[in-house]
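Trainee: Letter by letter, the chains look like this.
There are 2 protein chains.
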Amino acid sequence: MPEEIPKDSVGLVTPQTLHFDMPLGLDCGRELPEYDLIYETYGELNAERSNAVLICHALSGDHHAAGYHSMADRKPGWWESCIGPGKPIDTNRFFVVSPNNLGGCKGSTGPVSINPQTGKRYGPDFPIVTVGDWVRSQAQLADRLGIERWAAVIGGSLGGMQALQWAIDFPERLRHSVVIAAAPKLSAQNIAFNEVARQAIMSDPDFHEGRYYEFDTVPRRGLMLARMLGHITYLSDESMRNKFGRELRQGKLNYGFDVEFQVESYLRYQGRSFVDRFDANTYLLMTKALDYFDPASKAGGDLAAALKPVQAHFLVVSFTSDWRFSPSRSREIVKALTEGDNPVAYAEIEAHQGHDAFLMPIPQYINVFRAYMDRVAEDLS
Amino acid sequence: MPEEIPKDSVGLVTPQTLHFDMPLGLDCGRELPEYDLIYETYGELNAERSNAVLICHALSGDHHAAGYHSMADRKPGWWESCIGPGKPIDTNRFFVVSPNNLGGCKGSTGPVSINPQTGKRYGPDFPIVTVGDWVRSQAQLADRLGIERWAAVIGGSLGGMQALQWAIDFPERLRHSVVIAAAPKLSAQNIAFNEVARQAIMSDPDFHEGRYYEFDTVPRRGLMLARMLGHITYLSDESMRNKFGRELRQGKLNYGFDVEFQVESYLRYQGRSFVDRFDANTYLLMTKALDYFDPASKAGGDLAAALKPVQAHFLVVSFTSDWRFSPSRSREIVKALTEGDNPVAYAEIEAHQGHDAFLMPIPQYINVFRAYMDRVAEDLS
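Protein chains in written order, with the working numbering: chain A, 1 to 381; chain B, 1 to 381.
If we strip away everything but chain A, and leave its shape as in the complex, we get (with noise of 0.2 Å):
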């Protein structure tokens, strides 16, 4: 491995597509006849194939969730901090499978795809996908990867609520769930974020309705826009306060509307550099996924009662400066989970990081999951 790699990473990876012929029924009633599914692995299946890992990605993220898909990368996959030889998730002893969801614009059948039926981009004819149909693709991957049984479901935010729905929809098909940083259901001052940041995407004139790759643009303002926005939630007020301050740019107030302070450099590096990266109709999609996650609701409301079916063990974890989703809404969970009787640790760790902590290598919480990862490497045998 190139020396400038380092040895505590999974080094160099290579995404592979697996393409799906059946068709995929979706909670909306529609299906899609055929997908792609986009994943990268990292360590080795075991004998047994009793050590696979699925890792679920959050709104914006994607399956290169670690290493390097070149030495040219600057930066490696997203979950860095946590996946890798000797890291909480170690791929020393787990084979770690890690998909792009269906609707993501990095290689999974999704807006920017060719719609069979039409030979041209689905756009927004792609149908709106739910954290319940981004569970069924995935057991359809493990079908085709040979893998009966999760060792563990793991996510943060949306991808962890994707692990709360493995738990619930394929009871016997997980050992352990791991829930970081998420909610049993979005608020309504969640909704409204999720909604402003739409409303910003439809209603730049270069949306088209969501048709905008036939007029060879994008609606670059509303997606920046839309990140800006999503910034200010997934940092804590403490976290902006240590970046930023009101630290000025030039020293000095300039009287006028260009950039003044870090913080406005800092959210519109953000949002520009996110238009590059990724898709719209995708960011729409998502949102809406988040919307719509109430695993709760088929029981009247009554989490408890949809947890009913869980098998797994589960760990689930909060950061103490998060408001996107605080402890709080993690405790819910929890507590719905032991009325159950399902085994549950549960740790909310110190973090002045806001919602973006579940990323980032703070000790109290890698030593927390690196300790319950020990515990489902132990189920293995």
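No lab work stands behind these hints, which were simulated from the structure alone.
Keep in mind that a hint or two might mislead.
Identical copies go unnamed one by one, so any copy, or any two together, can satisfy a pair.
Listed below are the simulated EDC-like cross-link pairs for lysine to aspartate or glutamate, each with C-alpha atoms no more than 20 Å apart in a straight line [unchecked claim]: (1) Lys252 with Asp294; (2) Lys75 with Glu44; (3) Lys185 with Asp27; (4) Lys120 with Asp36.
All values derive from a computational prediction rather than experimental measurement.
Keeping the supplied structure of chain A fixed, place chain B upon it in accordance with the hints.
Mentor: This is chain B only, laid out in the frame that chain A set:
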């Protein structure tokens, strides 16, 4: 008074406008050669001219704080809950003066006004105004009205910042300062929200670099987004939950991007109706005034030192669920005042309504406010 108007309202009111022919020097280094201030008054100025109270408005507020402009008005002024006969700001006792701030769009000189130097609307050429500028212009207004000393200067949110600035800049010209739901300066997160709102407006193709008047259009989409976003920060998570929960407008998911959740419907309505009554350039200016407000900066960041000249007695009020300017921000003001031995009463009101609570008739709030204003009235004689 017509029977449709409640007895505890100031009733029908008519705004007045004063023209100021002398230049006003601004913090940005420019000056306004001449300007108008529109204002309303309620109650009667007493013979000693000692019972005048100044109301300072917040971001989207104006001079119409109480009463009705005509019998056809569906809604009274924005602070009807607190201004009127028998209310905390009792118009039987006080002479209430409520101006629209410079840079506004309701009659005081602002971006929509004609620039005497060009014969065209100011638009983006209107200077950036600060809380300090407003206070200086309000002092000019006081001079013209023959008010040497306010019995109290009162405001909520950005209005509370003006009340604080008054006490610093004109210590001998007010007896009391009432600072409600405010902060001594914005946090990085506060600035970040303002920045997203500004970017929404400025990136709207109909913004035309602020000269949209000349194109006979307005940046509707951008201003609508800015307002939607603002509303999220005005309400608490809890009040949104109480108001909307996850209620669906049509009782079921429709798997599309039309309005589904009640909270979406509410936000879109708020956004749309705001566009018809507010100017985008004014919105930009008001957010900048917020961002720039930082009275401690002149004293090297030491708020207590900045407050040294203060002679006014203070009432500071915060609301438990206000996450825009949380109680801890109000306590910073109280702490700095206390360090300087300035008399200050502080009330933290238990309320679930978030930042908007300052506009609401919450009994504990009204009682505290009334009790304090009783003291202000006793000081008149």
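Trainee: To test your reading of the hints: which numbers does this structure violate?
Mentor: Per hint list: single violation, 2.
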